[in-house]
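Enquirer: On the provided structure of chain A, position chain B as indicated by the hints.
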Amino acid sequence: SQQGEEDPQALSIQEGENATMNCSYKTSINNLQWYRQNSGRGLVHLILIRSNEREKHSGRLRVTLDTSKKSSSLLITASRAADTASYFCATAGSARQLTFGSGTQLTVLP
Amino acid sequence: DTGVSQDPRHKITKRGQNVTFRCDPISEHNRLYWYRQTLGQGPEFLTYFQNEAQLEKSRLLSNRFSAERPKGSFSTLEIQRTEQGDSAMYLCASSSIGGAHNEQFFGPGTRLTVL
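Chains as they are written, first to last, in my numbering: chain A, 1 to 110; chain B, 1001 to 1115.
If you are wondering where the hints come from, they were derived from the structure by calculation, not from laboratory data.
For glycine and all other residues, C-beta sits at the position ideal for the given N, C-alpha and C.
Worth double-checking, as some hints may not be accurate.
Claimed, not checked - The list that follows gives simulated cross-link-like pairs (lysine to aspartate or glutamate, EDC-like), each with its CA atoms no further than 20 Å apart:
hint, chain 1, residue 1, chain 2, residue 2
1, A, Lys56, B, Glu1103
2, B, Lys1071, B, Glu1044
3, A, Lys26, B, Glu1044
Stated by the list, open to error - Computed footprint of chain B on chain A; a stretch qualifies when at least three of its residues, placed anywhere within it, have a C-beta under 8 Å from a C-beta of chain B:
hint, stretch
4, 34 to 48
5, 97 to 108
Okay, chain A solo, but in the shape it has when bound (with noise of 0.2 Å):
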């Protein structure tokens, strides 16, 4: 089953606009991470944030995370065209699986 869910299921902007996603999640973890996946392809490890981390940054993608709320949100800034994708949130436990949340569908528009 799903970890949790990611707000909203589905966002549409314009080039050059910032994206914001949310995940929330239900249990306690190791580390979060986002992933992007691009229609009909595998996922891509876009960023890493440990539970003892509030805020990370990597290029264009700044991720917050609250443990005591149990979410996290993933910016992306100055989007593109190529930002495209589906986006999800993924936590890591105690376990080695990871458990994903049911993903932000990003579109774009040139």
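Expert: Coordinates of chain B only, in the frame set by chain A:
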């Protein structure tokens, strides 16, 4: 290419047939995972190997499913007596024990369609 590879990329089969998928992980990775993804959903964990040992299996992995990793390198996932509900993307991922907090590298997936 040093990424995770999967074969075939697409498989169409009739209900009741058996299918087998192959995954070749990144060569130095000793952990290998299988996930299943249905349309509009995130991947769901099926099973996990460390070297040749199958250490965890999800309750999603019915007795019609079997996975092997005989030499601790490539892995196969077999589905016997396929059902229409087995139609999904089957994703393989690998990671290393010393890797950064279980960052997993995914293959392109095998899309199964059961008619």
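Enquirer: What are the numbers of the hints that this structure violates, sorted from low to high?
Expert: Number 2 - this is the single hint that the structure violates.
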